[in-house]
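Visitor: What follows is the residue order along each chain.
Number of protein chains: 2
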Amino acid sequence: MHPGNGAEGPLTPGLVFEMLQAYQRTAALKAAIDLDVFRAVGEGPGDVASIARHCSASARGIRILCDFLTICGVLIKEDGYYRHSPTSAAFLDPRSSSSLASIAQFLGNPAQREPYDHLAEIVRTGRSVMPGDGNVEPENPIWVQFAETMAPMMAPMVGPLGAVVLEGHSGPMRVLDIAAGHGLFGIEIAKQNPQARVTGLDWAPVLRVALENARKAGVEDRYDMLPGSAFEVNFGGPYDAVLLTNFLHHFDEPTCVGLLKKIHKALRRGGRVATLEFVPNEDRISPQMPAAFSMTMLTTTPAGDAYTLRELTAMYNEAGFGGLTAHHIPMSPHTVVMGHS
Amino acid sequence: MHPGNGAEGPLTPGLVFEMLQAYQRTAALKAAIDLDVFRAVGEGPGDVASIARHCSASARGIRILCDFLTICGVLIKEDGYYRHSPTSAAFLDPRSSSSLASIAQFLGNPAQREPYDHLAEIVRTGRSVMPGDGNVEPENPIWVQFAETMAPMMAPMVGPLGAVVLEGHSGPMRVLDIAAGHGLFGIEIAKQNPQARVTGLDWAPVLRVALENARKAGVEDRYDMLPGSAFEVNFGGPYDAVLLTNFLHHFDEPTCVGLLKKIHKALRRGGRVATLEFVPNEDRISPQMPAAFSMTMLTTTPAGDAYTLRELTAMYNEAGFGGLTAHHIPMSPHTVVMGHS
Numbered sequence: 001m002h003p004g005n006g007a008e009g010p011l012t013p014g015l016v017f018e019m020l021q022a023y024q025r026t027a028a029l030k031a032a033i034d035l036d037v038f039r040a041v042g043e044g045p046g047d048v049a050s051i052a053r054h055c056s057a058s059a060r061g062i063r064i065l066c067d068f069l070t071i072c073g074v075l076i077k078e079d080g081y082y083r084h085s086p087t088s089a090a091f092l093d094p095r096s097s098s099s100l101a102s103i104a105q106f107l108g109n110p111a112q113r114e115p116y117d118h119l120a121e122i123v124r125t126g127r128s129v130m131p132g133d134g135n136v137e138p139e140n141p142i143w144v145q146f147a148e149t150m151a152p153m154m155a156p157m158v159g160p161l162g163a164v165v166l167e168g169h170s171g172p173m174r175v176l177d178i179a180a181g182h183g184l185f186g187i188e189i190a191k192q193n194p195q196a197r198v199t200g201l202d203w204a205p206v207l208r209v210a211l212e213n214a215r216k217a218g219v220e221d222r223y224d225m226l227p228g229s230a231f232e233v234n235f236g237g238p239y240d241a242v243l244l245t246n247f248l249h250h251f252d253e254p255t256c257v258g259l260l261k262k263i264h265k266a267l268r269r270g271g272r273v274a275t276l277e278f279v280p281n282e283d284r285i286s287p288q289m290p291a292a293f294s295m296t297m298l299t300t301t302p303a304g305d306a307y308t309l310r311e312l313t314a315m316y317n318e319a320g321f322g323g324l325t326a327h328h329i330p331m332s333p334h335t336v337v338m339g340h341s
Numbered sequence: 001m002h003p004g005n006g007a008e009g010p011l012t013p014g015l016v017f018e019m020l021q022a023y024q025r026t027a028a029l030k031a032a033i034d035l036d037v038f039r040a041v042g043e044g045p046g047d048v049a050s051i052a053r054h055c056s057a058s059a060r061g062i063r064i065l066c067d068f069l070t071i072c073g074v075l076i077k078e079d080g081y082y083r084h085s086p087t088s089a090a091f092l093d094p095r096s097s098s099s100l101a102s103i104a105q106f107l108g109n110p111a112q113r114e115p116y117d118h119l120a121e122i123v124r125t126g127r128s129v130m131p132g133d134g135n136v137e138p139e140n141p142i143w144v145q146f147a148e149t150m151a152p153m154m155a156p157m158v159g160p161l162g163a164v165v166l167e168g169h170s171g172p173m174r175v176l177d178i179a180a181g182h183g184l185f186g187i188e189i190a191k192q193n194p195q196a197r198v199t200g201l202d203w204a205p206v207l208r209v210a211l212e213n214a215r216k217a218g219v220e221d222r223y224d225m226l227p228g229s230a231f232e233v234n235f236g237g238p239y240d241a242v243l244l245t246n247f248l249h250h251f252d253e254p255t256c257v258g259l260l261k262k263i264h265k266a267l268r269r270g271g272r273v274a275t276l277e278f279v280p281n282e283d284r285i286s287p288q289m290p291a292a293f294s295m296t297m298l299t300t301t302p303a304g305d306a307y308t309l310r311e312l313t314a315m316y317n318e319a320g321f322g323g324l325t326a327h328h329i330p331m332s333p334h335t336v337v338m339g340h341s
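As you go down the protein sequences, you meet chains A and B in turn. Under the numbering used here, the first residue of the first sequence carries the number 1, and numbering increases by one thereafter. Under the numbering used here, the first residue of the second sequence carries the number 1, and numbering increases by one thereafter.
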């Protein structure tokens, strides 16, 4: 994105054209992933003919697509040959261990994108035009896809979050992972502390993904499942820590406070809650990614938002938490906000 | 867009997220234009409540939309109040004489955007999935909308193109404007040279738009209409100059050469043809806008392209033209290429 707030170059209509055609960038990346272009480029030699052969595609189409990807910065072209940019080598070649290609399935899911065809109407009414409560409709199958595909995006956050939550704590502990999704955050706690026992809470079909990940990580014997809605199931407990990752932003403040109170009751005295959130500055226009995330909440939820630290602090305090600390996760748009009971 | 060809900052997945969500930028700008946000911001005072009132929209929706537009660089936010950025003041406020808001109707037309939902298939087959010949299907009504809405985008090109074509020529002359569209290019010749007589060629419903513009410019008594296909109608003539603006890119090279030969025959000896084109460098990845335009031709035509100067020169020469000159139009993605018969 552009720097925003007036930090522009010379006055040309370029930015207007760029925005009106920005959707082409999304389509180009999605098509390239679907056609396996980034594997073809990685394997070389990188001429149009061999990429087209690998992708079972036309030379005209591949040449224009790869030129476009080069213009976007996710390929490099030299003497007519395409090769990886640092970004595409690390994050788009499916052979890379840090490949993010799978997240295109969730972020590019037509159900997530369709609301943008009705954005004016959404802005008028102030809430998603999705059926029911949109992405927070009970048992919405989108969260199975989220759990299955978005793990690579969360992977860099897992270690830092685990360290913040454990705070060096090494004895026996019980951890509740609310909206566990892929389960990676709770699993990381179990990996970092062999005496930790983790309960994953999410819709039952989602928890199957988490359990499979727990199995892969070798911690399934310390991984329990609590299927259902965070607002309805009995949490059990008491817990030493509750993880609340990428969850509060889906709801309005009273709903968040209600949930935080329920969490507070399920915590052992001195226990802590850790939210992982997109936390924009109080100006709500910086940093770019956390601030822009409000748009996703506008289009997919009835009343969610990217909350500022002041708003989160107010909610935490109202629910009985104190000693709040915020930990930005480097190279990510995420912040861990810790509160103590 | 990003600078491309490896000129990146530190290695983060930010660019991948940005591309996967770039479509949100298009939707936000379109929604803001549809809701009349830029007029509301221009009229002030710029707080969420008054913008929401002007736009008959929710406060939540307007706040999130305006924050997003600020992040994109087309508004400025200070102390909770939104005001115009230089870009939005000049090009998005409908009260501005250089407003480009109408071009969102053409560039945002669902018929133009829909092919991008099938981009992988288009790359496979190498041609538009639009019905028939896509945008170059005879009598495609898209060109009426183009003529009606895209004039503001072309306005800055009109004067420079007129000057290049006239080359100081002030006597009687006849000019054929092929694919006249809004007609502004031919009309400009008539304005700069009171002895010039212009014939606009386009589909009949499109020519109505051109004639109306000729009337507004006070040159309708020197504006003739030649309705039909450039490939089929008899050009008449002979002409002193032929304008071929934003046309060749829709077709493959043999088709372009065929048309250029037909033009050559319709020109007086010593006459000239002037194409206005997106002309990328030979690397086809720079400058950004002309190079990226190939993608639009891939998705909307069977075989069009943004041709390089070498390719255009070869076509011109094959059709019998010589003395080629290229004139980049400053602050625009366009180049005028002149050839002499």
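Just so you know, the hints here were simulated from the structure itself, not pulled from any lab data. Among these hints, one or two may not hold up.
[Unchecked claim] Partial chain A-side listing against chain B, Cβ under 10 Å, derived:
| id | residue |
| --- | --- |
| 1 | 142 |
| 2 | 247 |
| 3 | 254 |
| 4 | 257 |
[What the hints assert, rightly or not] Computed footprint of chain A on chain B, listed as stretches where at least three residues anywhere in the stretch have a Cβ under 8 Å from a Cβ of chain A:
| id | stretch |
| --- | --- |
| 5 | 15–28 |
| 6 | 70–77 |
| 7 | 287–297 |
Each residue gets a CB set at the ideal place from its N, CA and C atoms; glycine is no exception.
Visitor: Against each hint, give a clear statement of whether it holds in the structure.
Guide: Okay, the hints, checked on the actual structure:
A distance limit of 10 Å between C-beta atoms decides the matter here; for residue 142/A the minimum to chain B is near 16 Å, and the interface restraint is violated. Checking residue 247/A against chain B by beta carbon gives a least distance of about 19 Å; that is not within 10 Å, so the hint is violated. Using the Cβ-Cβ criterion of 10 Å, the hint placing residue 254/A at the interface with chain B is not satisfied: the shortest such distance is roughly 15 Å. Checking residue 257/A against chain B by beta carbon gives a least distance of about 18 Å; that is not within 10 Å, so the hint is violated.
Coverage of a stretch by a chain is defined here by at least three residues with a beta carbon nearer than 8 Å to that chain's beta carbons; for the stretch 15–28 of chain B and chain A the count is 14, and the condition holds. Check result for the stretch 70–77 of chain B against chain A: holds, 7 residues qualifying (beta carbon to beta carbon below 8 Å, three or more required). Counting residues of the stretch 287–297 of chain B whose beta-carbon sits less than 8 Å from any beta-carbon of chain A gives 8, enough to reach three: the coverage restraint holds.
In summary, the structure is inconsistent with hints 1, 2, 3 and 4 from the numbered list given earlier, while agreeing with the others.
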